[in-house]
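Q: Take the given structure of chain A and dock chains B and C with the ligands to it, following the hints.
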Amino acid sequence: MNIKHYSKDDLDNILSVKGNSLYSDAFKRLLKNKASLTSLIILSLITLLSVFGPYFLQYDFYETDWNSIYLPPSIESGHYFGTDGNGRDLFVRILYGGRLSLSIGIIATLVSVIIGVTYGTIAGYFGGKLDTVMMRIVEILYAMPYLIFVIILMVVFGRNIYLLFLAIGAVEWLTMARIVRGQTISIKEKEFIEASKSLGQSSFLIIIKHIIPNLAGTIIVYITLMVPSVIILESFLSFLGLGVQEPLTSWGVLISEGSREMETAWWLLIFPGLFMVLTLASLNFIGDGLRDALDPKEY
Amino acid sequence: MIQLIIKRLAIAIPTLIIIIAFVFGLMRVAPGGPFTNERALPPEIEQKINEAYDLDKPLIQQFGIYLSKIAKGDLGPSYKYKDFTVNELILSGFPISLTLGISAIIISLLLGSLLGIIAAIKRNTIFDYAVMGISLIGICVPSFVLAPILSLFFGLYLGFLPISGWNGGNIYNLILPVVSLSLPQIAIISRMMRSSTIETLNSNFIRTARAKGIPKRRIITKHVIRSSILPIIDYLAPATAGLMTGSIIIEQIFGLPGIGRYFVVGALQRDYTLVSGVMILYASLLMFLILLSDILRAILDPRVKIK
Amino acid sequence: MQTILNVNDLSVNFDTSQGLIKAVDNISFSIKKGECLGIAGESGSGKTQTFFSITGILSDNGTATGIADFNDVDLLKLTEKELSKIRGKKIGFIFQDPMTSLTPHMNIGNQLIEVSMIHKKNTKNDALKKAKEVLDIVKLPRIENLLKKYPHELSGGMRQRVMIGISLMCDPLFIIADEPTTALDVTTQKEILKIFNDLKKYKDITIALISHDIGVISEVSDTILIMNEGRIIEKGNCKEVLTSPKHEYTKHLLSCVPEWMK
Ligand SMILES: Nc1ncnc2c1ncn2[C@@H]1O[C@H](COP(=O)(O)OP(=O)(O)OP(=O)(O)O)[C@@H](O)[C@H]1O
Ligand SMILES: [Mg+2]
Chain A
1 MNIKHYSKDD LDNILSVKGN SLYSDAFKRL LKNKASLTSL IILSLITLLS
51 VFGPYFLQYD FYETDWNSIY LPPSIESGHY FGTDGNGRDL FVRILYGGRL
101 SLSIGIIATL VSVIIGVTYG TIAGYFGGKL DTVMMRIVEI LYAMPYLIFV
151 IILMVVFGRN IYLLFLAIGA VEWLTMARIV RGQTISIKEK EFIEASKSLG
201 QSSFLIIIKH IIPNLAGTII VYITLMVPSV IILESFLSFL GLGVQEPLTS
251 WGVLISEGSR EMETAWWLLI FPGLFMVLTL ASLNFIGDGL RDALDPKEY
Chain B
1 MIQLIIKRLA IAIPTLIIII AFVFGLMRVA PGGPFTNERA LPPEIEQKIN
51 EAYDLDKPLI QQFGIYLSKI AKGDLGPSYK YKDFTVNELI LSGFPISLTL
101 GISAIIISLL LGSLLGIIAA IKRNTIFDYA VMGISLIGIC VPSFVLAPIL
151 SLFFGLYLGF LPISGWNGGN IYNLILPVVS LSLPQIAIIS RMMRSSTIET
201 LNSNFIRTAR AKGIPKRRII TKHVIRSSIL PIIDYLAPAT AGLMTGSIII
251 EQIFGLPGIG RYFVVGALQR DYTLVSGVMI LYASLLMFLI LLSDILRAIL
301 DPRVKIK
Chain C
1 MQTILNVNDL SVNFDTSQGL IKAVDNISFS IKKGECLGIA GESGSGKTQT
51 FFSITGILSD NGTATGIADF NDVDLLKLTE KELSKIRGKK IGFIFQDPMT
101 SLTPHMNIGN QLIEVSMIHK KNTKNDALKK AKEVLDIVKL PRIENLLKKY
151 PHELSGGMRQ RVMIGISLMC DPLFIIADEP TTALDVTTQK EILKIFNDLK
201 KYKDITIALI SHDIGVISEV SDTILIMNEG RIIEKGNCKE VLTSPKHEYT
251 KHLLSCVPEW MK
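Read top to bottom, the protein sequences are chains A, B and C.
For the first sequence, the working numbering assigns the number 1 to the initial residue and increments by one for each residue that follows.
For the second sequence, the working numbering assigns the number 1 to the initial residue and increments by one for each residue that follows.
For the third sequence, the working numbering assigns the number 1 to the initial residue and increments by one for each residue that follows.
Same shape as in the complex, but just chain A (with noise of 0.2 Å):
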């Protein structure tokens, strides 16, 4: 490969013609499109309620009242989305099961992307056998069953939310990586990259000050895409009973201890699958509406 000579101007001039403007814009098309705007709305809504709700309502999401079980939903008796089997009031719920659904949807996302964009950077950037061998080592974790795999680790360290942050994390970042290698070899081919190369930067320089920031685009998408089957995966080990344990509560929990009463109270099941299927809705719209955003097509 023929590396070409640039001087300091020439490379100022280079970096500046992409600017944030690019992300401004993006963000600018998202909002016009309907459908992400009213998942955005929707999502900081369920955001906010699930953060703040719980100081202002009149109940508190351990607080059992035996003469008030199993009520359904009503505005007069304050609880609007009726109670359980031990009389708390589902809104409260609901609204600390958010907390908790959306915060491990978050931290073990960002675990997955710390973990996958640095593996992805490093295998696409330096290329070749590093590349074969850290590429193949993916395609063989991407045989092993997921699901299990965090099931097991569960079984043998023990039931521990923190641990169920790494565990989650620890198998979704595989897809993260894939995509942040594509896209790192072909940035890694761009005119700038090879003029930082010529001024003598180093490779991890390279990669902090200038792969990473046009990475950032497609690891927006993808956090929008992972987040959700974050909380799915958190759910799903809850309902199995083998997540979140009481007295923490998150919508999977809820959700099964619904399914397990809807014959009885219907209203246990249908309000925290609605938040989470919102939620979810939400997030993949968004996600959408992202990509889009920043990948224009033309035609």
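Simulated from the structure, these hints should not be mistaken for laboratory data.
Predicted model, so just to flag it, every value in this text is computed and none were measured.
Hints are not guaranteed to be accurate.
Partial list, computed: chain C residues near chain B (C-beta under 7 Å) [as the list claims (entries may be wrong)]: (1) G88; (2) L102; (3) H152; (4) S155; (5) D204.
Calculated pairs, DSS-like style, for lysine-lysine (alpha carbon to alpha carbon, straight line, at most 25 Å) [unchecked claim]: (6) C:K201 x B:K216; (7) C:K81 x B:K222; (8) C:K203 x C:K246; (9) C:K139 x C:K190; (10) B:K7 x A:K129; (11) B:K222 x C:K90; (12) B:K122 x C:K190; (13) C:K81 x B:K122; (14) B:K216 x C:K85; (15) B:K222 x C:K201; (16) C:K239 x C:K132; (17) C:K121 x B:K216; (18) C:K32 x B:K222; (19) C:K120 x B:K222; (20) C:K85 x B:K122; (21) C:K194 x C:K139; (22) A:K34 x B:K122; (23) C:K201 x C:K148; (24) B:K216 x C:K235; (25) B:K222 x C:K121; (26) B:K222 x C:K190; (27) B:K216 x C:K124; (28) C:K89 x B:K216; (29) C:K22 x C:K89; (30) C:K148 x C:K132; (31) B:K222 x C:K148; (32) C:K149 x C:K32; (33) C:K132 x C:K81; (34) C:K22 x C:K90; (35) C:K81 x B:K216; (36) B:K82 x B:K69; (37) C:K77 x B:K216; (38) C:K33 x C:K149; (39) C:K85 x C:K22; (40) B:K222 x C:K149.
Don't be surprised by glycine CBs; every beta carbon is placed ideally from N, CA and C.
A: This is chains B and C with the ligands only, laid out in the frame that chain A set:
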């Protein structure tokens, strides 16, 4: 072709051994696991485990014995059920899980691809929107939400279908579990198929086929599908993995005594040998499916060269 | 001589996210039976879309208006079904990009024979005989062997010859060749142009030869159209236009042709 199979096996077998080593390692570090010393087990099981795994031998030898037993298809004694081996437990659940899994995978592949193709051909019509809408529900409503709702509606409210039990594989007992299991996969597959069909329809060789005056139906069957089905072939193994994990939940919800059920019970009771046995079985099945999809791809796509 | 294609006020519009794009703007021209019309113009001038619209193979977001009488039938008024009976049978199309224009998973033989099996209801054997005949015309060697090959096993030049062969399967009246030589080296280019000259001379096939390369066009064409930004800038006898261009744009185009080609 045989070369391809050998190549793939040369990857698959070491992978399986690594997975088994991993499981073995986990069991060694697991508190109270079968390969540690401080176990609080009933004496009968304790004795069986000792016999089965020669626990006084050095570690590497233990692994060798473990591996050779697995190679012979022996997954060892159950850690919790003192009268059963893991093989017996898995075998008793196998017919149920297999019936469920195979029906679900066939339905998902056929229906998913068909819906995807039609949606792509009738792009931006009501049909397309309907399919995409339903598949969005399939993607956003997890099976553990969908299954209870379906059984609430069809089982309890309408009273059409039984909501739990195996009943010797009665078709009515199968409907709800199979539907809840396949719906998410149908959703994913139909979306994949739609976008790959649209991509193929826009490709140059389809324009050539049109310019040759080939009737629409023949263009779809002869020129489009064989290209646009390729991503689905690649998705075969991940789909199976999805169905496996899905079946764990579905068997739980519909009270079906399949492998997934044993897996959950095993996990909750820390039956290490049972859980690892199921993991190894699933991993082997997945390896087999990856091999199968590689072969299918080589048959369908003449460009695949045996590297 | 009889006019085979008469185009009047043809416009092609594309509906895009940036609004309506006018790719072809109100053009009129005609081709006489047995002659070769060259269409020249720089990239994006609307050459390809003109003929896509006439044969009804525009992308979904495109619409065509105007009249395109082919043997006194207005092609723009036909339904997709009626059109598909003309395409491949009376009109052959050779595409710009030989690398991607053949179906990757179908062998060459099947791609050839399906044309005459559909249009002429030929038996497989008759179709195979015809296929060998056309592959001979396009001067491909070792035909038996070739029929079983897949496109990826062929070079670009061979694929382009196969494309030409496909267009000849039903002995068409009219062939549209869209940049048939652009992707090829100079020697192959010469050979392919010779095939077109032979088709014109011995088979009396009418040809529309699209190219941004005036040199290529001057080898085969009797008449010429110069297009720019969807409009016809100049048209007439090929030699006359090339030796004494009236329009500035044509002069500019001509100045881009290397000396040795003139
Ligand atoms: N599907 C489409 N949607 C929108 N615009 C299109 C579409 N297809 C073509 N165009 C536009 O139509 C114009 C004419 O395109 P056309 O393919 O006819 O060019 P051309 O003269 O054949 O160029 P070339 O020599 O590069 O083949 C171009 O500006 C192109 O951008
Ligand atoms: Mg063109």
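Q: State for each hint whether it applies.
A: Consistency of the hints with the structure:
1. Residue-level restraint check for C:G88 holds (minimum Cβ-Cβ distance to chain B is 3 Å; threshold 7 Å).
2. A hinted interface residue such as C:L102 counts as satisfied when its beta carbon comes closer than 7 Å to some beta carbon of chain B; here the least separation is about 6 Å, so the hint holds.
3. Restraint check, C:H152 versus chain B: the minimum CB separation of about 5 Å is within 7 Å; hint holds.
4. Evaluation of the C:S155 hint against chain B yields a violated restraint, the C-beta minimum of about 15 Å exceeding 7 Å.
5. With a cut of 7 Å, the hint placing C:D204 at the interface with chain B is violated, because the nearest CB-to-CB distance is about 21 Å.
6. Proximity of C:K201 to B:K216 is assessed by CA-CA distance (about 35 Å); at most 25 Å being required, the pair is judged violated.
7. Between C:K81 and B:K222 the alpha-carbon distance is near 18 Å, which keeps this suggested pair within the 25 Å criterion.
8. With a C-alpha separation of about 34 Å, the suggested pair C:K203 and C:K246 falls outside the 25 Å cut-off, and the hint is violated.
9. With a CA separation close to 13 Å, the supplied pair C:K139 and C:K190 stays within the 25 Å bound.
10. Distance restraint check for B:K7 and A:K129: the Cα-Cα separation of roughly 19 Å lies within the 25 Å cut-off, and the hinted pair is therefore satisfied.
11. For the hint linking B:K222 to C:K90, the alpha-carbon distance of about 23 Å falls within 25 Å, and the restraint holds.
12. For the proposed pair B:K122 and C:K190, the alpha carbon gap of about 44 Å is over 25 Å, so the pair is violated.
13. Between C:K81 and B:K122 the alpha-carbon distance is near 17 Å, which keeps this suggested pair within the 25 Å criterion.
14. With a C-alpha separation of about 12 Å, the suggested pairing of B:K216 with C:K85 holds against the 25 Å cut-off.
15. The hinted pair formed by B:K222 and C:K201 fails the criterion: a straight-line CA distance of about 36 Å is larger than 25 Å.
16. Restraint check: the Cα-Cα separation between C:K239 and C:K132 comes to about 36 Å, which exceeds 25 Å; the hinted pair is violated.
17. With a CA separation close to 17 Å, the supplied pair C:K121 and B:K216 stays within the 25 Å bound.
18. Straight-line distance between C-alpha atoms of C:K32 and B:K222 comes to about 36 Å, which puts the hinted pair past the 25 Å bound.
19. A distance of roughly 19 Å separates the Cα atoms of C:K120 and B:K222; the hinted pair therefore holds under the 25 Å criterion.
20. With a CA separation close to 22 Å, the supplied pair C:K85 and B:K122 stays within the 25 Å bound.
21. Proposed proximity of C:K194 and C:K139 is supported: the alpha carbons are some 11 Å apart, at most 25 Å.
22. The hinted pair formed by A:K34 and B:K122 meets the criterion: a straight-line CA distance of about 23 Å does not exceed 25 Å.
23. Annotation: proposed proximity of C:K201 to C:K148 is violated, straight-line Cα distance about 31 Å (limit 25 Å).
24. For the given pair, B:K216 sits about 37 Å from C:K235 by alpha-carbon distance, which is inconsistent with the 25 Å threshold.
25. Of the supplied pair hints, the one linking B:K222 and C:K121 holds, its CA atoms being roughly 18 Å apart against a limit of 25 Å.
26. At most 25 Å may separate the alpha-carbon atoms for a hinted pair to count; B:K222 and C:K190 exceed this at roughly 34 Å.
27. As the CA atoms of B:K216 and C:K124 are separated by approximately 21 Å, the hinted pair is consistent with the 25 Å bound.
28. Under the criterion of a C-alpha separation no larger than 25 Å, the hint pairing C:K89 with B:K216 is consistent with the structure, at around 16 Å.
29. Among the hinted pairs, C:K22 with C:K89 is inconsistent with the structure: their alpha-carbon atoms are about 30 Å apart, more than 25 Å.
30. Of the supplied pair hints, the one linking C:K148 and C:K132 holds, its CA atoms being roughly 12 Å apart against a limit of 25 Å.
31. Restraint check for B:K222 and C:K148: the C-alpha separation of about 17 Å stays at or below 25 Å, so the hint holds.
32. Taking the CA atoms of C:K149 and C:K32, the gap is about 38 Å. The hint is violated against a cut of 25 Å.
33. At roughly 29 Å between alpha-carbon atoms, C:K132 and C:K81 are farther apart than 25 Å, so this suggested pair is violated.
34. A distance of roughly 29 Å separates the Cα atoms of C:K22 and C:K90; the hinted pair therefore is violated under the 25 Å criterion.
35. Proximity of C:K81 to B:K216 is assessed by CA-CA distance (about 9 Å); at most 25 Å being required, the pair is judged to hold.
36. With a CA separation close to 19 Å, the supplied pair B:K82 and B:K69 stays within the 25 Å bound.
37. The hinted pair formed by C:K77 and B:K216 meets the criterion: a straight-line CA distance of about 19 Å does not exceed 25 Å.
38. For the proposed pair C:K33 and C:K149, the alpha carbon gap of about 36 Å is over 25 Å, so the pair is violated.
39. Of the supplied pair hints, the one linking C:K85 and C:K22 is violated, its CA atoms being roughly 29 Å apart against a limit of 25 Å.
40. For the proposed pair B:K222 and C:K149, the alpha carbon gap of about 17 Å is at most 25 Å, so the pair holds.
When each numbered hint is compared with the structure, violations occur for hints 4, 5, 6, 8, 12, 15, 16, 18, 23, 24, 26, 29, 32, 33, 34, 38, 39.
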